[in-house]
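Enquirer: Chains as they are written, first to last, in the working numbering: chain A, 1 to 118; chain B, 1 to 546; chain C, 1 to 270; chain D, 1 to 449.
What the hints contain is simulated information worked out from the structure, not anything from laboratory work.
Accuracy of the hints is not assured; some may be wrong.
As the list claims (entries may be wrong) - One-sided excerpt, in silico: chain D residues whose CB lies under 8 Å from chain B:
#1 W56
#2 G138
#3 T238
#4 F316
Claimed, not checked - If we take Cβ atoms under 7 Å as the criterion, some of the chain D residues that face chain B in the derived model are:
#5 M60
#6 D62
#7 S136
#8 N176
#9 Y320
Predicted model, so just to flag it, every value in this text is computed and none were measured.
Cβ coordinates follow ideal geometry from the N, Cα and C atoms, glycine included.
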Amino acid sequence: MAETMILVPGRSSKQGTALNKGKLKPEYLLVTSTLEMNSDDMQRLGLEEGDSVRLSNEVGETVVTCKGRKPEDLPSGILFIAYGPPSSQLMDGDTAGTGMPISKNIEVLVEKVTVKNI
Amino acid sequence: MAATLRIVNGKLYDPINNIDGKVQDICIEDGRIVDSVSDDATRIDAQGMVVMPGGVDIHCHIAGPKVNAARKLQPEDHRRDPHPGTPFTRSGTGGTVPSTFATGYRYATLGYTTAMEAAVTPIGARHTLEEFHDTPIIDKGFYVLLGNNIFLQNLLREGRKEEFRQAVAWWVNSTKAYTVKLVNPGGDEPWKGKKNSNVSNIDEKFDGLSPRQIIEAFITTVNDMGFPHPAHIHCNNLGHSGNYKTTLETMRTAGDQRAHLAHIQFHSYGGELGKNPDSKAAEIIEYVNTHPNITCDVGQVMFGKATIMTADAPLAYVLRGLTNSKWVNVDTECESGCGILPFSYQEHIYMHTLQWAIGLELFLMSKDPWRVILSTDHPNGGSFMLYPKLIKLLMDRGFRQEEISRVNQKAIAKTALNDLDREYTLYEITIITRAGPAKALGLKHKGHLGPGADADITIYDEMDDKEMMFNAPRYVIKSGKAIIANHEFCGDHDGKILHITPAYDEKIEEVVQPFFENYYTIEFDNYAVSDSYLHDHEIVPTANDR
Amino acid sequence: MSLKLSLHTKPDVPLEADVICPDKLNGVNETAIAALTVFHGNDQTALGDFFTVKGQCDGEIQLEGDLANVKHLGSEMTIGKMIIEGDVGQHLGACMSGGEIVVEGNAHDWVAPEMTGGKITIKGNAGHLIGSAYRGSPIGMQGGEIIIHGDVKNETGNTMRGGLIAIGGNTGDFTGVNMLAGTIIVLGEMGIRNGASMKRGTIISMHHAPMIPTFSYVCTYNPTYLRMYLSYIRKLGMEVSDEQINGNYKRWIGDAIELNKGEILLYANE
Amino acid sequence: MSENIKIVKNATCTFCGCVCDDMELTVDLDEKRIIKAKNACVLGRAWFAEHTIGDWPVAMIDGKEVSKEEAIEETAQTLVKAKFPIIYGLSDTTCEAQRQAVAISDIIRGTIDTTTSVCHGPSGLAFQGVGESTMSLGEVKNRADLVIYWGGNPAASHPRHFTRYTVTPKGMFIPNGRKDRTVVLVDIRKTPSAPVADLFIQVKPGKDFEVLWALRALVKGKNIDPSIEEETGVSLATLEDLVDKMKNCRYGVLFFGMGLTMTRGRHFNSGAIMALTTDLNEFTHFVTKPVRGHGNVTGADNVLSWQTGYPFGVNFNRGYPRFNPGEFTTVDTLSRGDADAAMFIASDPASNFPKVAIEHMKKIPVISLDTKQTETSNLAHVAFATSTYGINTGGTVYRMDDVPITMRSAFDSPYPDDEEILTAIKKRVQELVWAKQGIKIAVGEARVA
């Protein structure tokens with residue numbers, strides 16, 4: 001089952017502390033590959049805490065681990081992820097004459113990854 | 001270029017030493033003018049040329065937080081005026097608010113070698129000094145904004161005069177400033193705290209304190225401490241019709257103490273508030289003429305592009321209402337603020353022509369050129385790059401008449417400009433651009449060509465067209481080093497920071513510190529600017545140091 | 001006889017060739033043209049390093065080759081004609097005041113920014129900020145015509161004060177943003193937030209478009225003056241139907257935040 | 001813990017744009033680490049604790065250790081050879097280092113850009129369009145009775161923003177601190193910052209511009225259709241209530257974050273905030289401020305502005321500065337494939353730029369200067385390891401409100417600082433450029449030497 005949702009990459013304080021250890025360290029890689037999702041949405045998509053999901057759009061795709069958030073904290077259809085290499089894969093390079101790529105509110109297709117990538 | 005230099009055959013203009021166009025050699029050694037140098041010194045033949053001290057700008061806005069905000073604001077102004085680098089010099093951009101490198105180099109291309117930034121918030125002093133380090137050629141200093149400083153105003157309210165005096169000295173030391181600047185004293189609090197209002201006259205009390213009390217306290221304190229340059233005052237009501245009364249009252253407040261009135265053109269308007277002004281240049285200059293304690297700079301308006309950039313934030317807001325252009329306001333905690341907007345002075349507009357004409361009236365009716373100094377309040381009245389044109393307006397009556405015929409005649413009719421036949425001489429121009437400002441600043445080594453002076457020298461080809469002449473010096477020598485030779489850059493120079501270090505009782509820090517802890521967001525110990533920001537610098541002594 | 005410039009070497013990095021402009025090449029011989037300065041990145045080099053020069057310019061220049069990375073062609077142009085067979089890079093006809101440029105392929109961002117006169121035709125698509133102001137400028141395009149047969153992206157006609165922009169395809173977001181006056185016709189669909197901050201001027205589209213909250217619907221009518229514009233661009237080869245020429249348009253006015261004297265006309269018979 | 005302990009008072013934390021200068025650092029000089037950072041927030045504590053001395057080489061070429069001098073020579077040769085060299089980053093280093101970086105760009109006629117372009121660059125563009133009424137943070141502390149945050153999450157990104165500057169502190173005209181202020185948060189989701197607010201307004205994603213535009217209209221007394229709620233998720237009544245609060249406060253402030261600059265609309269979203277602020281000055285005193293991310297990104301804006309006249313995205317190909325975001329900004333010069341060499345200073349674009357830009361980075365020689373190993377240093381041809389500003393070096397940084405602060409060094413690092421490396425590169429590229437042009441100038445004659 002796949003659905004189109006809006007991905008909002010942003011900063012988190014966990015990311016901020018992990019960043020100081022080093023961007024190639026496991027802590028940082030974990031934080032930037034964890035996707036927060038409305039728990040109702042997760043249920044609908046048949047997802048459980050820690051499952052892998054593939055996010056894709058016309059730019060690229062990435063596989064991340066999902067984590068539930070209460071519906072009152074994260075509206076249905078919105079996904080949050082800390083900026084990092086996974087979110088980069090979905091960003092378009094066109095800046096529309098501003099220098100800024102669209103880095104938030106990215107429409108992505110969300111699907112459960114049934115076979116785990118090794 | 002060797003450390004010794006001899007300039008021969010030039011016609012000297014050196015009013016401080018009473019030299020008016022006499023052909024005489026100048027000898028230079030180790031950055032200073034000396035009586036003689038050995039025969040093997042490098043020679044510059046100035047045959048047919050005019051030799052003057054380097055220009056001194058007593059009032060301009062060239063560095064610091066508000067200047068940089070104005071730079072960021074106007075890419076359109078920079079795009080049309082690139083400043084390419086040379087093998088000797090860095091590149092930059094010009095326009096009304098040039099980049100730091102372009103500022104230094106462009107002053108040099110006019111023959112100016114010293115310029116004073118006229119308004120810096122104390123908390124922005126560090127920023128200003130950083131920019132100064134990237135402003136080449138010229139020597140420079142700045143005036144620190146203390147007139148709307150809340151802590152100092154509190155001391156005045158409470159009548160703590162001695163602590164006020166100590167705190168002023170502490171602030172000047174902590175910021176590496178050259179003197180104290182007042183801008184629309186007493187006007188900040190109504191602006192920030194009372195929904196964008198302002199004080200309307202010099203005796204209007206706000207929380208028990210009037211602008212006049214503030215002005216008087218600073219004039220007295222600065223004179224007592226013997227600063228080389230007195231309190232530098234931007235009066236209340238700038239730009240408003242009828243403001244000449246405020247200006248006269250401000251000057252009267254000084255009594256017979258020294259005071260410098262900034263850009264008086266903007267403060268010489270008659271008429272009723274809210275209506276078109278007329279000229280009160282005669283009244284203002286009459287007071288200046290008859291009071292030797294007063295120095296001023298004119299703040300001439302020049303037609304074309306300008307940038308309004310002032311610590312008088314409420315004024316900038318008023319102008320924004322007139323132009324509807326992009327507008328910047330910056331409030332600075334406990335100290336000051338500023339307003340910025342692009343502006344354009346246009347010949348057909350009554351107000352703009354009137355301002356232009358009043359400036360010229362002030363120059364032409366001045367009886368003591370030593371005390372009525374050339375400025376455009378760069379970039380408020382126009383760029384410093386327009387000084388040569390302004391000089392031509394003053395020196396060439398025919399040119400002036402042509403220009404007068406092109407502007408708004410209703411405004412001209414409100415002035416005496418058509419009746420003023422005076423033409424400035426080269427000697428007088430040397431006074432209002434060099435000797436006068438150096439003297440008003442108390443810079444004893446500048447503004448002249450006598451032994452002991454800094455070897456800051458400009459050599460112009462003598463030409464009938466004074467605009468062309470002052471636009472392109474053939475040689476510019478800074479601190480004894482040739483920077484421009486045959487109109488081209490041949491070297492570079494950092495220039496030094498000019499500042500003062502008035503004595504104060506360190507105990508005052510114990511009085512100031514608690515205020516910081518309550519109301520500032522920067523730690524007290526991180527506030528004072530360290531000497532590492534000075535690089536090459538000169539401490540100019542106060543009268544009390546001597 | 002016209003001048004023909006054929007790209008023989010593709011630039012590795014952007015090539016700035018503002019010298020390719022009838023004003024600067026008229027009457028100059030082949031050798032001298034080949035020696036003129038272009039900037040290959042930061043490398044100040046000769047036009048002949050990239051172009052084969054044939055003929056002499058008597059007001060007309062033909063260019064061929066993949067010019068997608070060649071910038072500033074026809075900058076500041078005042079007279080003559082340039083015909084470009086292929087794609088072209090940024091800043092085509094920047095600040096031009098006269099003459100004509102025709103591009104058979106696609107154009108990049110900043111086609112004719114701050115143009116005051118003349119005419120540009122792009123047969124393919126173009127990028128962002130067509131006929132716009134450069135950043136910080138209070139005025140964009142002031143006169144002339146920009147005719148683009150394909151699609152364009154964001155900020156078409158930003159701060160435009162005069163002239164005509166006609167787009168055969170779709171536009172991106174903020175079409176006619178900050179417009180002061182002038183006319184923009186979009187035969188395709190427009191993105192979002194069109195006419196934001198506009199003071200005066202007209203934006204016309206043949207399709208429904210989302211409106212920002214500060215525009216209000218006034219009426220549906222048959223604007224006669226529009227026929228003239230639409231007939232004119234049809235003559236230029238754009239696909240305009242009789243129904244559109246004679247049809248009804250919904251008239252919205254805005255931006256209420258500004259003077260509320262701008263208008264957006266949307267074809268009503270869609 | 002050794003006996004050799006030093007206390008550094010009033011040190012400055014440069015992790016985020018708050019640039020808090022009230023740190024009290026306990027430094028173990030033998031172990032060369034900070035063992036305690038009093039007054040620091042969770043991010044600041046991690047910043048000070050984790051910046052210890054690493055064990056990687058000062059300089060590497062293609063992954064192999066080389067001397068600093070060899071790496072400087074290779075860097076200079078690479079930069080001078082390039083036709084479209086770009087320099088990018090600079091938000092996490094001192095102004096002194098930034099000045100050297102701009103000088104290098106000027107000399108090699110390259111392009112220089114900072115992380116501003118992918119942070120509040122759009123706000124910089126908006127500023128150039130509409131201007132801005134703004135303030136230093138102390139004015140908020142002392143005066144603001146209405147504090148609005150829009151599209152930002154300071155609780156996660158700037159933890160002390162609320163407590164040190166904007167919400168809880170007592171100020172001159174705010175004697176009771178938090179009690180004297182109304183705090184509003186506007187965002188598309190309930191972020192960790194929401195609990196601090198008296199009023200949380202949730203906007204549908206991508207509808208900030210419409211909401212801001214409706215507010216502007218209401219402030220100006222124009223009508224807004226109630227259908228605004230359906231479009232934006234915010235009711236007309238909520239908007240009217242907010243307008244009422246804004247018009248009637250004594251000193252209001254609007255802080256905004258990258259929820260505005262990074263989404264569709266970009267600079268127009270920031271511009272809407274700035275214009276709304278200007279509009280409100282008809283009624284009361286109102287100011288606004290983008291909440292800046294990196295410790296010295298504001299310094300980078302300032303240094304570039306004073307040296308070139310432009311705040312970011314500056315190109316020197318023609319021998320003087322030019323500015324055009326979308327043309328000279330780094331995402332563009334990489335995504336389009338313009339750049340033929342790149343030097344990244346104190347930033348890691350290989351981990352957060354769009355995919356197409358990262359792919360181009362892999363095709364060109366890259367030079368990196370960073371305190372730690374990153375995706376960028378991993379792909380770099382020449383990689384310098386440098387010391388950490390504010391921990392191992394002094395120098396100047398600018399807080400998000402343009403207030404400059406001098407940092408205090410806590411302990412020495414065996415690694416050179418960015419300024420030292422960049423100064424050496426500058427000197428060498430100058431020699432190479434002069435040699436290329438056949439110019440003979442004695443060192444000391446020209447500014448750049």
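Enquirer: If a hint holds in the structure, say so; if it doesn't, say that too.
Expert: Hints versus structure:
1. W56: Interface hint status for W56/D: violated (31 Å vs cutoff 8 Å).
2. G138: OK, holds: G138/D within 8 Å of chain B, min 3 Å.
3. T238: 25 Å, violated
4. F316: 7 Å, holds
5. M60: Violated. Min distance 32 Å.
6. D62: 33 Å, violated
7. S136: 5 Å, holds
8. N176: 14 Å, violated
9. Y320: 4 Å, holds
Hints 1, 3, 5, 6, 8 from the list above are not met by this structure, while the remaining hints are.
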